[in-house]
Amino acid sequence: MSELTRMTAAELSAALAAEEVSATEVTRAHLDRIAAVDDRVHAFLHVAADSALAGAAAVDARRQAGERLGPLAGVPVAVKDVFTTVGMPTTCGSRILAGWHPPYDATITRRLKRAGAIILGKTNMDEFAMGSSTENSAFGPSHNPWDLDKIPGGSSGGSAAAVAAYEAPLAIGTDTGGSIRQPAAVCGIVGTKPTYGGSSRYGVVAFASSLDTPGPFGRTVLDAALLHEAMSGHDPCDSTSIDAPVPPVVAAARQADVSGMRIGVVTELSGDGYQPGVLSRFAEAVELLESLGAKVTEVSCPHFRYALPAYYLIAPSEASSNLARFDAMRYGLRVGDDGTRDAEEVMALTRAAGFGAEVKRRIILGTYALSSGYYDAYYGKAQQVRTLIIRDFDAAFGQVDVLVSPATPTTAFAIGERADDPMAMYLADLCTIPSDLAGNAAISVPCGLAPEDGLPVGLQVMAPALADDRLYRVAAAAEAAFTGRWGRPLLAEAKGLNS
Amino acid sequence: MTTMDTLVPFAEALDRYEPVIGLETHVELGTRTKMFCGCTTVFGGEPNSQVCPVCLGLPGSLPVVNRMAIEYAIRIGLALDCSIASWCRFARKNYFYPDMPKDFQISQYDEPLCTNGWLDVPVDGVIVRVGIERVHLEEDTGKSLHVGGATGRIHGADYSLVDYNRAGIPLVEIVTKPIEGTGAAAPEVARAYVTELRDLVRALGVSDVRMEEGSLRCDVNTSLAPRGSDRWGTRTETKNVNSLRSVERSVRFEIERQAAVLDAGGRVIQETRHFHEDTGSTTSGRSKEEAQDYRYFPEPDLVPVAPSDEWVAQIRAALPEPPAARRARLQAEWGLSDADMAALNAEALDLVAETVAAGASPADARKWWLQELARRANETGTELARLAITPAQVARIADLVATGTLNDRLARDVIDAVLAGEGDPDQVVAARGLAVVSDEGALTAAADEAIAANPDVADKVRDGKVAAVGPLVGAVMRATGGKADAARVRELILERLGQS
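Residue numbers (my numbering), protein chains in the order written: chain U, 1 to 499; chain V, 1 to 500.
None of these hints come from the bench; they were simulated from the model.
Predicted model only: the values in this text are computed from it and were never measured.
Even glycine gets a Cβ: it sits at the ideal position worked out from N, Cα and C.
Be aware that one or more of the hints could be misleading.
[To be verified] FRET-style restraints, in silico, Cβ to Cβ:
1. Glu19(U) with Asp309(V): 56 to 62 Å
2. Gly45(V) with Gly339(U): 27 to 33 Å
3. His155(V) with Gly373(U): 26 to 32 Å
4. Ser243(V) with Asp337(U): 34 to 40 Å
Isolated chain V, as found in the complex (with noise of 0.2 Å):
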């Protein structure tokens, strides 16, 4: 496992050779319930609380289908303009896991419940179409911790422990067709598909995707051909990668090494690899030539899905607006700049969207998520909508720096309250204290006190040197505890020191 793999720096190997990828990710559905019992689907229960006969797998239990489940994929197969199946079965995968309870997983093989489909994907201005050959239901397995050993893998644990919670969750898996053509930038297309494919599940709002809780989980296949040849080569299958980073990372290392195999006139291994996020390298799991023989066949458990024209019909017309066009609207009614856009992940444009709809104005709701907002959630390592605070509340601070009652200084105080749990912004700055001096005769008093102590200050500005106001604009910001509007403060000094 540890031997060091030689490797083709990535330019080279694009040289000679033309990678072909393809992704198969897994997206957990954010039903209620599971696929297949009344268990909740609730993360970060204590290990095995959220189980039941069904998704333990007991003796004599039975599956029975979620309902919402088959509308969630559908929803996706429809977003991704897949024909749905009038009629589809559910298959076992049979193979032997001690987190799989049955030793078999639901699944569907041969008839898929989604196929035939297509993900424009934005790839540095240039739209790259990506086709879906399939959408399928399945069930999650257990989880497994393997405690001792080197690898954290089963083989040479000391002991493993299993968390069924996660055994029966609905899971979609979405397969790309083969994507070629993409040459030097298929990393870069695979992290944008995945991405993008990532929007419009959360958009879609069956999913939370969460990547760093194994709500959406990536394989990626790589393989490479010498350019020039017809024949696609062997590809690997680089197992759970668990980052956008990652995703990018994986292909391009497995072309910088299977480069290095294929000069080496060496032969690329069909197998599945594990990528590791620390060395940003892929190491070889289990090989596929001694495959598996999963022996599928129609789970007899479970009667047929078959969704009528008018449930499918219905589902359509509820879709929402996809992603990359609520996007181009949203640009367009807030006459933002493409650069400006760009740096609004999906989230975030949900969040400014929010805080615009809330009264904000689009520059003002951009730059408090971006700038103050977003420092904060780096700084704390939490996501931007997992902030204690709201669009609204948000929008309302805004507006309180435009009438006055806030400058931006006092903002970010409230801000840090409302994110303390001090409740609204209206509450805090009532409770601070924290409103603007705007009582003209205070802040003359204030600014008159300064340019007595500052008589040299003084005399420059008087000068005409108006740029040397900034300290007596301090002094008095002082004098009033930061809760003066700096602005106001400046018109004013320079009005005593007939400069205005």
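Bound-form chain U, shown alone (with noise of 0.2 Å):
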């Protein structure tokens, strides 16, 4: 492996700015790697070589043309397959966007371009990001790097496996329900759900509107600090998208200090159905945390019991109205037009064949807590449940600056294991939730490998909306302490690629 692939996106943009590495050498190396693994690890479902290294000898122009160029300028990103992208398709991981390629470039896909990134392709994703390990994707799963016959985590499960096999130094993201903070978690890397309405949704392929949120993935937390910064901020194109400066997450990744911080342990978020190795190391982070000087409590959180159900109301409500769209009339899959059918049929037919049983079973079951008669008592109540834990975190955040979890119940399991079982697979959001439905900041930074089965855990931080900056002081804490009692980088023990 090249060693520009092991490198660091700070460490490759501070030597691209030095004129030590040329963009091209750096895209070259990354495209090479997936390459070289890829085939094992499938997660792309479009590598853009050509236009990846086209935007490389663009940047190397400028910059030899003596301009002066952002931190992420010939820094390679890869992309989940949500966001729209002029010149690659975009699929969202189904069968009904097979070969469809977006007229226009999502704001976030823009702002990597125009700050000189490198996008070197279309991560795989579960099918409009519903899963939890990307074996939702039409397109086949993608593979753990750390071990390749488990998940690597969903729905934006191609981007932490992207980056955790040395593919791409950094990758965007969307979390719903903690589709960036899971995947991240079981590979061992760094993802940020932002505060929502703090990086813009547009162009980004809907799948609940009052929650989508993109979001970075890193090796290191400065890492995804310096993408959360590239990525983030006001869209007047997005109506949810908040009017206020970015939160300063650069500097608060190189502050990395957490002396004096009053950190809340959510009681809720623990005990039964809890990996004892996520605990034990959860447990062990924040006891490192307490020692680097922070003040720990334990809160209560009462109504984040009730977060999964509220979930699974509100996410395929709006679903089930967002993927209406899918019709075969304007795009994508068409089905069944031979002439004898009608628009209502083809329609059908495209949606039967063009939808994967999760998708499927997320529109049936958003169109029945729609519907008249039923509403009240499930997206109703589900609103007001949503309301209850806004009022628990605020309650929380009025006693402590951030709060802190496991951010997954369990390390990566078996691919199939729970494949069947639909609610064994919603229990790996259990955590993550509660921050989606808030609309509040969360992160998950590594914090050792579970001892039963040598997979990486999770720690998760929630801070209040707009603190997203609190996540990176904590989380790049607990890193660099980590770090140091390890002796290396935890992805270093990736066994799973034999590297």
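Got two chains here, separate frames each, mind docking them using the hints?
What follows is the structure, encoded as structure tokens:
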């Protein structure tokens, strides 16, 4: 493996700025790495080698011309296949969009391009971001670089796997119920769900509009912060985008200091159903933070236990409406249009053939929850629960600066293990869903390996809306202390690719 | 679809039943850009040339509310004396149809922007107050063209074409409260309400309200209750009734049809019905009893709309004079009779007012627009306001007549020339040499010539039969190519024959 693919984004950025290495060399090294390992990892649905190299050449030319470029100029990024990208397909992991080439860039795609970041390609995901394992991708699952028989998490599993397998130093994903933090946790990397509205949804194919939040992946906290800063900020094309300055996440990652911070351990996010190794590593992380000068207390959020059921009413309800547009009339798959069928039949046949089982399950759930006579009992009630969860957070953040919990109840499970058990699959997002419902910010940072299976465990840190910088202070402090204790980055232990 | 309905004669139906009507009117707002994106709203563009990812509902695209559309809707709400919500949301109305890009329509459901107002409607000199239930905002759909098949509807068509230029154009839906107690006047009330609403919306400057272009569309609800009953009957909803006359006819037809159904012991089906211009009848559309469940829920892609009190106050302060008040004021100012005013619809009223403002007398302005120009508009099938002549030009022509430069016949020629694009009235007069011949010498010579050529007629006039002078005047007019002032010619001839 080339040294270049081992470097962090921050290191690459410095080397590129110093012209010790060219963007073309960096890009080529990552494309080579993808070519070498992606048949085993299957992180990518589409590798954009030509446009990546062209983009790299352009960055090199600008730098040679003496232009001062931003920190991501020449740094490769992998993009979840839910962001629209001109010049590349966008499938959302679904057959129904196979072959669709969007005519416009997502705001975040545009920002990355403008920042000179090199888009390597589009990463695999659970179909329409519905799932926790990438097994719901119509194009086959991605594999966890720690153990290729395990899931890389989901729905942004391709992005997490790409970063963990050194195919890309950075990747972007979306988090609706934990789709960034859970894959980051089970792949042993860093992943952030920014404050809802802090990163633009324009050009992000919607799953659940009130929850979907784009965010960064990196192998280090600082890398995630660099990408977080570059992709965020107000977007007039997204009405739910917040018109406020981006929290100083990069500075916070460099500060890496928790002394005097008040940290609350959420009582409800532990106990039964949690893997012992996850709980022990989490406990260690809490002790570590305390040893670094944080004041740790236990905080109760009594309504968190209703988060999962509320989520599984709100998200499918919005999805049932958001996914209606895939009707074979304007783009994407069209089935049965042989001149004998009317539009309604073609719509039905296309949707039957184009959507996978989980997507159909959620469309049906959501359609039911919104239907006349059931709305109040389901969608309406779930929104009330959402309010109660927000109040729990408000009360908690009145006492502490951040909350912590395990990022996931278990480490990576085997591919196929939960495929036929939706409820078991849904539990993978138990710890991450509350922050999505509340719209606040949360991060997952590696905190060691579970002794029983040797797989990574994630520490989740949650902060109030627009206090994303606190996440990075805590995560960077934990990362520095852990790396010091381990003697090397956790990911160095990953043996799935024997490299 | 082709089964003939049995009808009961209107008067007979009214003997036994009391109609209740309600109207849902959609007005396309005249904002420069669409409801949720920056695409232009200009009518008549090449199909699918005024679209973008947002109004095509492409995956990933998001709506952003057009502030001007909110302002226009508030303007309508205030003019209808509605309460304006201080906080309300958009909602998604979910149903599948090919001309709806997202397969849901962004509309408003239980939180409309404006509620609870009224509109006073003159019907045969009596004012009927129509209650307004709500005014809300939504986006228009695309336009389908179903090719082949008998009905022109999607079912049975060979194929369909969709134009998304209209998709996303802001629509305001104005819903009346049930209108009761109008009896036999129900069809007229319906028509008068739409007329009054149209004039109001036009006066507000928020839409060009052209029914023939679909920028004002009506759904008309009608139900019948047996006289003496305290319960309303089942209503039908006649969709897309697209002219004032059709509004009236559709109510009349439904009253006659429903009365027949009820007389026969039948039950009126709650359904949507389609109105047919050619026959004046309605036919059954899809039944609402197997009703679609639209699964409304608050639109999560948009933040709530919360117009501030200051903003609403500003909009209120800038409202124009209400059409009814303005009409009364102008009538008084112009000194026109009720009958004269009645002939002026809102469009003509505006044109006359502008012509008066440009210097013409009210009587002249009214005469030129309602006689000469209305005839030409009729002949060419255009609307008065779309004739290629401005109120200022009409005022100038009236002035040229008043000062004797033109007579009425010449003025008509000038109008033709202006309409043909030959320029301003003064340019036309100069270019065509249309000015009245006012050279007394030339006229006197022509008069003498006419007298000499028609000695018999001249003698009769000399004998006191002044009324016989016509042929002599005609001869002079012919001799001057019509460019003389006929009154002056008559005067002159009588003078020469000793009859002045």
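Problem - Violated hints, by number in ascending order, as checked against the structure - result: none
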